[in-house]
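If you're matching them up, the sequences are chains D and W in order.
When we follow the numbering used here, the leftmost residue of the first sequence carries the number 2, and every step to the right adds one.
When we follow the numbering used here, the leftmost residue of the second sequence carries the number 80, and every step to the right adds one.
Okay, the calculated bits of chain D under chain W, using three or more residues with CB under 8 Å as the criterion:
(1) 80–90
(2) 97–106
BS3-like cross-link-like pairs, simulated, lysine-lysine; straight-line CA separation at most 30 Å:
(3) Lys425/W <-> Lys106/D
(4) Lys124/D <-> Lys96/W
(5) Lys17/D <-> Lys425/W
(6) Lys295/W <-> Lys265/W
(7) Lys106/D <-> Lys96/W
In case anyone wonders, no lab produced these hints; they're calculated from the structure.
Using N, Cα and C, we set each Cβ at its ideal position, and we do this for glycine too.
Single-letter residue listing:
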Amino acid sequence: MSILEARNAAYSYDGKKAVLKNVTVGFESGKIYAILGPSGCGKTTLLSLLGGLDSPTGGQIIFDGEDISKRGLAFHRKNNVAFIFQNYNLIDYMTPAENVALTSKKPPLPILERLGLTREEAKRNVLRLSGGQQQRVAIARALASSARVILADEPTGNLDEDTAEEIADVLRDCARKLNKCVVIVTHSDKVAKRADETVRLKRGEIYRG
Amino acid sequence: MNFAQRAFLYVTRKRGKALGLFLLNFTVAVFLVSSFGVLNASEMLSGDIRSSLGAAFYIRAKTEISANDFGGIEVRESGANITQNAVDEIMKIGGIARFNPINYGFAKSDEIRFIPGDRHTAESDMGAVTALGFSALAPDFADKTAVLISGEHIIESDRGKILISERLADYNHLSVGDFVTLTHAKLGEIDGEYVDEIAVKTAFYRVEVAGIYRLKTDDAAPKPTAGLSENGIYASLDVLNELNESEAGVYTGEVGFFVADPSELGGVIRRVRAIRSIDWSTHFIRTNDFRYSEISDGMKTLGGLTKTLLVLVPIVGAAVLVLMLTLCIRGRLREAGITLAAGISKSEILAQFLLEVLSVTALALIFSHAASLCVSGTLERALFGSLPGILSEKALTAGVNNSGYMTLGGAKIALIYLCQISAVTASTLLSSAAIMRLSPKEILSKMI
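Excised from the complex, chain D in its bound form (with noise of 0.2 Å):
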């Protein structure tokens, strides 16, 4: 069953150029999803309307079988799901604990290090990391949250292909391990390789071809 969903989901900028159309898909817990497609489909709209991050032209986006319009799209972002970018979007003056326990109560040490970050790293200022290691902090949020769902838009766009396979297998455990619904946004064949399910976009509607 579907815990996160977009039933006929549509959405154009000032009701003219539509961007979404009637998009209908579902994700499940415990899956890894790569929304795959060429620039300019959709696929960051979606992922944008599945997040709440801006409500849809026509159509509805379910979560756990209610629609999420009617708790507030701030409560479903607080909620039900976390982002992970492609530009890391840590805050700048925190250290990579702090970031983490910017939505979370939970002791973000723990989390740091099992994605491969040293106590002394957790405490340092987050410019201060590499790529890799500010998308592990993002990655380390999300997981923080109580959310069940993340969506994640390009985490490896800005990565080595190496880090991009390592943080690509993070995800994946994610899923199976803690049993997240993980939604990611890539352009990359190898990230897509490693979900369980891929979706594709053209021209703003599914792709079954």
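Put chain W on the given structure of chain D with help from the hints.
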């Protein structure tokens, strides 16, 4: 992590930005408090110039100056004097705050050795006595040639009190509260020697040293002991009466009349000259406006400058504050996007921004208060330190002390700080509005 913890981390980690905000708030607060202090002072002074600084005219008997047989200059009094009746008549015309009669004489004491002057002898060991109603109104104190350094000035109701110079006090190991017995004396000159013309002493009076003054100038030419300024004794009016050198209600020296409003001086003098019971052929009037005309021009200029400053400082300060806060908060678009994506509400983000700005502002205001006191004190000394506010009740007993003009009351300072805090809050809200209007997706799309 709540908004207060995030605000604390921002302020302590982004020290450069926090310091910039601190300095801006600090500078604006110091300027505002100092400017309002100057305005406050100019307002108080304009009132005090009329009521405290005052102006004066003095009436005294005319003197005749002629060459004597030895080739020197001889000064002869006309024999005229001013009676209490004449004083009462002058006081009736109105506009006069106080009068200060002065009698002159000499005194000796077995307990005082005067500082030796030219051709000093045991017989000429005496000092000149100026007996008056208010010593603070004596010309030397009014023009600050003499300054009271301890004790209190003589006032009209005092009896048996004297002021002596610092040097005379040191010379005789006298201090405020000590008593000495004075006796009458009269300086004369026989065969080139200074003598005491009162050979047999019959009048004695025990007086208390009520105050000690310091002279700012030294006697230039050689003078007899009794002529040295440092041997001068200011005394309550009764002292010369008790020493049989003057008569109660008859003033042989001069009488000073102090006009409360300096701008009225001319009119008051015209009315005084119209009093027919005073023989103006034997009396003359001299005036002193205590530099009122100079001060009033300066005050007008100062008032104008302060008002300009008061308009400019808040406008420039607020503009810089808004600009800096706008730049600062717009630069935090990325952070707002991250926190919004993490489910932190817009109101919590706004609360964080406000708490950061207000905590730094509060700190700046605390430090600015201490700095404002220093700046106000310095400005006060520079601008108002030399003004002779001689007619205030405080000045009559403690001497002139122009302090407190720039000191703002707690309520005024609180109001200034409240206005600044309101401006900072409004600036933060306005600057944040640009971010808060955007949806999280719009913010995140701007971040990439």
